[in-house]
Amino acid sequence: IMKLLTINVHAWIEENQMEKIDILARTIAEKEYDVVAMQEVNQIMTSPVVYSDIREDNYGWVLLQKIAEYTDTVYYYHWSNSHIGYNKYDEGIGILTKHELKNTDDFYCTRSHTVRSISSRKIISAEIEYNGYDIEFYSCHMNLPTNKDEDIIGNIQTVLNRNSKDVIKVLMGDFNTDAISSREDYEKIISQGLLDTYKMAEEKDDGITVDKNIHGWENDKGKKRIDYIFINKKVKVLKSSVIFNGKNKPIISDHYGVELDIVI
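Here our numbering is used: the sequence shown runs in plain steps of one and ends on residue 586.
Quick caveat, the hints were computed from the structure, so don't treat them as lab data.
Every residue gets a Cβ at the ideal spot worked out from N, C-alpha and C, and that includes glycine.
It is possible that part of the hints are untrue.
[Claimed, not checked] Straight line, CA to CA, 25 Å or less: simulated DSS-like cross-link-like pairs of lysine-lysine:
1) K521 / K325
2) K510 / K569
3) K510 / K424
4) K526 / K487
5) K470 / K487
6) K571 / K561
7) K534 / K558
8) K571 / K487
9) K510 / K420
10) K353 / K325
11) K555 / K424
12) K545 / K569
[Claimed, not checked] What follows is a set of in silico ranges between Cβ atoms, one per label pair, in the way DEER data are often shown:
13) K561 / K470: 18 to 26 Å
14) D528 / D375: 16 to 24 Å
15) K561 / T395: 32 to 40 Å
16) E352 / D375: 29 to 37 Å
Generate the whole structure from the sequences, applying the supplied hints.
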């Protein structure tokens, strides 16, 4: 069984951030996820560099050190900066995996390619081999469908066409599109040749990943399903669960996470 997790971590904007990182690290060590996709993985733009473009307070880098306190499993980490957040952060996206990375990629799926625009959305991918199959995992943080400068469908097509290899592609993350209140926008995403693993799951809960008004959704206090794990080929999906929602593990972000058990 392959175990996946996606979570918009809202890095360094959260109160009691280190306690919440500890909860996430313990959970990753306990569940032994194969792949973890994270969004809003921030670092302060002026912090000292550890290696490459990773700074010492990079949320994912700090998380890695914590995970190492709870497990001997080695996790590989890939991160890239998308845009400037709150005038002080490199706001990026990250992927952790316990499988050796065959390939990694990072690219803008949007027309906008400048860190100065919040409309600029970088996507990162990690390719691993699992049970003889090559699988590409993409960590995604999409614009709202109401964004007049960007077309989310075109953005998703850019992701799907990034690599022409006929492999399993898994798109994980915060798609900023609510399957409940924005049914039409959600259906447009699905129509790009994607399957919603939540719908495919033999066992599932209510799927709600945000249940209040948050940044970008200031006027919507309703329950929303905006975080997804999409896949381009049919596989057996055993279970889809919302996690870090106060019922299944404590809340660690303004988004809840989605964890998935699939058979490949």
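Going through the hints against the structure:
1. Of the supplied pair hints, the one linking K521 and K325 holds, its CA atoms being roughly 17 Å apart against a limit of 25 Å.
2. Proximity of K510 to K569 is assessed by CA-CA distance (about 31 Å); at most 25 Å being required, the pair is judged violated.
3. Distance restraint check for K510 and K424: the Cα-Cα separation of roughly 31 Å exceeds the 25 Å cut-off, and the hinted pair is therefore not satisfied.
4. For the hint linking K526 to K487, the alpha-carbon distance of about 31 Å lies beyond 25 Å, and the restraint is violated.
5. Distance restraint check for K470 and K487: the Cα-Cα separation of roughly 32 Å exceeds the 25 Å cut-off, and the hinted pair is therefore not satisfied.
6. For a cut-off of 25 Å, the pair hint linking K571 to K561 stands: about 17 Å separates their Cα positions.
7. The suggested pairing of K534 with K558 is violated, with an alpha-carbon distance near 32 Å, which exceeds 25 Å.
8. The hinted pair formed by K571 and K487 fails the criterion: a straight-line CA distance of about 37 Å is larger than 25 Å.
9. For the suggested pair K510 and K420, the alpha carbons sit about 33 Å apart, so the restraint of at most 25 Å is broken.
10. For the given pair, K353 sits about 8 Å from K325 by alpha-carbon distance, which is consistent with the 25 Å threshold.
11. Pair hint K555 plus K424 holds up; C-alpha atoms about 20 Å apart against a cutoff of 25 Å.
12. Of the pairs offered as hints, the one joining K545 and K569 holds, with about 15 Å between alpha carbons and a cut-off of 25 Å not exceeded.
13. Between K561 and K470 the C-beta distance comes to about 38 Å, which lies outside the given range of 18 to 26 Å.
14. Roughly 38 Å separates the CB atoms of D528 and D375, a value that falls outside the hinted 16 to 24 Å.
15. A C-beta distance of roughly 21 Å is found between K561 and T395, which places it outside the suggested range of 32 to 40 Å.
16. Checking the proposed 29 to 37 Å range against E352 and D375 shows it holds: the Cβ atoms sit about 30 Å from each other.
Hint compliance for this structure: hints 2, 3, 4, 5, 7, 8, 9, 13, 14, 15 are not met, and every other hint is.
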